[in-house]
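Spelled out, the chains give:
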Amino acid sequence: MTRRAAYEAQQKRRANLIAGVSTALVLALVVFLVPLAPGWEAVRASFFNGEVFVRVFPDLLRAFVLDVAIFAWSVPLIFGLGLAIALARGNTNPALFPLRIFGAVYVDLFRGIPVVLLVYLVGFGIPGLGLARPWNSPYIWGTVALVLTYSAYIAEVLRSGIESIHASQRNAAICLGLSERDTMRYVILPQAIRRVVPANMNMLVALQKDVALLSFIGPVEILRQAGIFKSLLANFTPYVAAAVIFLCVTVPATRYADYLMNRDRDART
Amino acid sequence: MPEPRLSLRGVTKSFGDVQVLKGIDMDIAPGEMVCLIGASGSGKSTLLRCMNGLEPVDDGEVRLDGVDIAEPGFDLTPIRQHIGIVFQSFNLFPHMTAYDNVALAPRRVLGEDARERIEALFARFGLADHIRKYPDQLSGGQQQRVAVIRALAMRPQTMLLDEITSALDPELVGEVLDVLRKLRDDGMTMVLATHEMAFARDVADRVVFMDQGVVAEEGAPERIFSAPERERTRRFLASVLR
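Here the protein sequences come in this chain order: G and U.
So the first sequence is residues 1 to 269, counted in the numbering used here.
So the second sequence is residues 270 to 511, counted in the numbering used here.
The set of hints was computed from the structure by calculation and includes no laboratory data.
A virtual CB, placed ideally from N, CA and C, is assigned to each residue, including glycine.
Heads up, a few of these hints could be off.
What the hints assert, rightly or not - Pair by pair, the computed Cβ-Cβ distance ranges are:
hint : chain 1 : residue 1 : chain 2 : residue 2 : range
1    : G       : A72       : U       : G310      : 55 to 61 angstroms
2    : G       : D266      : U       : G456      : 39 to 45 angstroms
3    : G       : R14       : U       : A436      : 42 to 48 angstroms
4    : G       : N262      : U       : G292      : 53 to 59 angstroms
5    : U       : G443      : G       : R181      : 54 to 60 angstroms
6    : U       : G395      : G       : S164      : 32 to 38 angstroms
7    : U       : G292      : G       : A104      : 38 to 44 angstroms
8    : U       : G395      : G       : D258      : 36 to 42 angstroms
To be verified - Which chain G residues face chain U? A few, computed with CB under 7 angstroms, are given here:
hint : residue
9    : A69
10   : L178
11   : R181
12   : Q191
13   : Y239
Stated by the list, open to error - Simulated coverage check for chain U against chain G, where a stretch passes if three residues somewhere in it have a Cβ under 8 angstroms from a Cβ of chain G:
hint : segment
14   : 349–363
15   : 368–380
16   : 418–429
Please take these sequences and the hints and turn them into a complete structure.
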């Protein structure tokens, strides 16, 4: 072992020891101190009731399938619309100026309204026009509200990605004789989209949680199902169970996205 | 004299208040190799970028095979395939393999699957083993050779080369200059901005010394390098040749 390697091994042992001791200390504090709080017994009974947890979990999981479905059909719509808005905002053709203005207004409007407000306005307002079945479905209009809000965010993320690609890339493509359109499609967009994957993963995690807002306009998805159980059993544990289910999806999803990004990068360097 | 491939008359170009080109006249014959030399900021790169319309000129004419491409509003897209350009910083597309970098423009612009031609170009310039690699997996010299191949795949009649060895480690410069020698042997019309004085002296048909936005002196390389007429040419050469 070289002198340097011996020194680094010693440093590493030291760092591991300190990390282990401090983690154990924090855990001990949580485990021993929190139960000393005067209201702990009541909180444990109403939020961490194992019996209730086991009883409601399968039903919550079934209700969660609806969240996943709403999420799944919203995502392609959000990305399609977001990309269209981003491209509309970036175009420089004077004939398409109205499209550019529309893109800017769209983003300002739907990024500026709280999601829950838009869910109420669109989800109750539009079926209130007296539309016939199935066009008065809260699933449709709830999805529309989510798509409006999130496509405005995604459009801005994509636009920032497009603008982050150095002008020399565009110059190189244009000088080869590629049209503006092909330059965007084959040179700029593929790089821009890769660059904003982490930001978009953030948006997807936020969307996965915001799907629960549709519970306010009718669909019995996981949050509403948890609310029903809460009233039925006079216990808050169903909400904790719902939170656990959300975490089981969002945490692995973000880790998997990180893994994909790293693999993609390693393949090219 | 045959009609020049490229003919510039009174070309001026400003960036803001700074006039970078102050009236350039220049004729480049088919098959000629012209080296632009001069200090940084003398206008070499800008002049090259004006030759293919990447920078629009403020005034003057740029005629490519007799057509004035500097006419405001002229659609440059169709002529860009006749005039290739290679940049100092390679500017390969990092998300594509070397092959895809080269094949994109022939496929989209010429509507041609130029596979055999492209593979032959990679083989000719010693990159056959690297055709499936991504730019980040290649050395600077290899990347720059891919950039040259990418321009050649469009079958240009003229090549503009903007200090293409300036970003390379010294030991990699030679492999890129060898590529230019091969192109010269093919009879390619070339204009290159360069700091490689020995190379310019060796292979150029004509050397153009630029200083502060004008052509200060031009002529055959032997004459420019051994008996410059102008004082500022002498001073520049003394500073770079030591």
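We went through each hint and held it up to the structure:
1. G:A72 to U:G310: 55 to 61 angstroms: 57 angstroms, holds
2. G:D266 to U:G456: 39 to 45 angstroms: 43 angstroms, holds
3. G:R14 to U:A436: 42 to 48 angstroms: With Cβ atoms ~44 angstroms apart, the hint holds.
4. G:N262 to U:G292: 53 to 59 angstroms: 54 angstroms, holds
5. U:G443 to G:R181: 54 to 60 angstroms: 40 angstroms, violated
6. U:G395 to G:S164: 32 to 38 angstroms: The hint (32 to 38 angstroms, Cβ to Cβ) holds, given that G395 of chain U and S164 of chain G are roughly 34 angstroms apart.
7. U:G292 to G:A104: 38 to 44 angstroms: Since the Cβ atoms of G292 of chain U and A104 of chain G sit about 43 angstroms apart, the hinted range of 38 to 44 angstroms holds.
8. U:G395 to G:D258: 36 to 42 angstroms: This hint holds: roughly 38 angstroms between Cβ atoms.
9. A69: Cβ of A69 of chain G sits 33 angstroms from chain U, so the hint is violated.
10. L178: 6 angstroms, holds
11. R181: 10 angstroms, violated
12. Q191: 5 angstroms, holds
13. Y239: 44 angstroms, violated
14. 349–363: holds (count 10)
15. 368–380: holds (count 4)
16. 418–429: holds (count 3)
Hint violations for this structure: numbers 5, 9, 11 and 13, all remaining hints satisfied.
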